[in-house]
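Chemist: One letter stands for each residue in the lines below.
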Amino acid sequence: MEHGFKGKRLAEFSYPVERCKIREMSEAIGDPNVLYTDPEAARVEGYEDVIAPPTFGTCVGLWGGPGFPDLCRKLGVNPIQMLHAEHEYQYLGPIYPGDILHATIELADVYTKEGRSGRMKFYVVETTCMSQSGEKVLISRATLLERA
Amino acid sequence: MANVRYFEDVKVGDEIPRLTKDPVTETQLVRYAGASGDFNPIHTVHRIGEEAGFGGVIAHGLLIMGFVGQAITQWIPNRHLKRFHVRFMGVTRPMDVITVTGKIIQKIAEENRIECEVEARDQKGTLKVKGSFEAELPSKGCSIDDC
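Protein chains in written order, with our numbering: chain A, 1 to 148; chain B, 1 to 147.
Worth double-checking, as some hints may not be accurate.
[What the hints assert, rightly or not] Here are the simulated DMTMM-like pairs of lysine to aspartate or glutamate, each with C-alpha atoms no more than 25 Å apart in a straight line:
1. B:Lys107 to B:Glu50
2. B:Lys130 to B:Glu119
3. B:Lys82 to A:Asp49
4. B:Lys82 to A:Glu114
5. B:Lys140 to B:Glu26
6. B:Lys130 to A:Glu114
7. B:Lys130 to A:Glu88
[What the hints assert, rightly or not] Away from chain B, derived, C-beta distances all over 12 Å, residues of chain A:
8. Gly7
9. Arg23
10. Glu45
11. Gly46
12. Val60
13. His84
14. Leu92
Hints are computed from structural coordinates only; laboratory data are not their basis. Don't be surprised by glycine CBs; every beta carbon is placed ideally from N, CA and C.
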């Protein structure tokens with residue numbers, strides 16, 4: 001994979017936000033925040049419905065999109081060699097159950113660094129989620145390190 | 001709102017309340033695999049974790065990021081969180097007890113924005129996750145939806 005691939009679109013798909021998925025994610029984390037499970041409690045706090053925890057974006061790409069092994073194939077790398085080095089979320093708008101997100105996954109950047117054990121290659125994979133009304137609501141940026 | 005914090009009431013150096021999680025369990029890793037869709041067997045199959053040199057299964061990095069997210073949103077409402085970044089520094093194993101700490105490192109008055117650093121360490125003090133987040137806090141006297 002050469003640097004010319006920067007900006008390459010890797011996937012595009014719809015992701016319906018489900019109430020039970022939000023609950024499943026918050027329970028797996030062990031986060032007892034009632035805003036993720038109790039619509040009434042969420043309304044009292046000024047939200048329209050239950051909301052998604054800050055790392056909910058994880059399942060958008062992995063359940064709605066191509067999945068990690070497929071993504072690696074598109075990048076031309078072996079999934080076994082890939083380490084998750086960094087992750088970033090940008091929160092631009094609320095996400096509620098019933099929303100149909102439109103997600104695009106792009107290779108935002110590719111760069112190399114010299115490390116103690118030789119040359120390390122990094123891939124920044126960016127997932128942008130738009131709401132059904134066309135507003136950007138979430139950007140998720142995974143920095144993956146390809147082990148030599 | 002229960003956990004609203006006003007921009008005027010916080011200062012650089014203020015710490016976010018420490019969160020100590022229950023020990024990570026193998027069942028939790030199975031549940032997180034299902035929830036997230038990350039079925040890399042290094043997180044769920046003991047033999048694969050051993051073969052990879054970890055001595056067994058290791059936690060998903062994003063699960064630990066989730067713990068940090070829990071600590072942040074206990075301190076401020078989710079809607080005030082604007083950006084959240086972490087670097088994965090070390091592997092977490094079942095029975096590790098993760099504690100999340102953080103503090104305000106900058107206040108940007110024009111935007112009512114704060115920048116905080118956060119980290120997650122295990123019971124031995126080993127660093128697992130290091131990161132930062134930015135939040136926009138309301139000003140006193142504004143209605144919450146205006147600021």
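Chemist: Taking the earlier hints as the rules, which of them does this structure contradict?
Modeler: 1, 4, 5, 9, 10, 11, 12, 13 and 14
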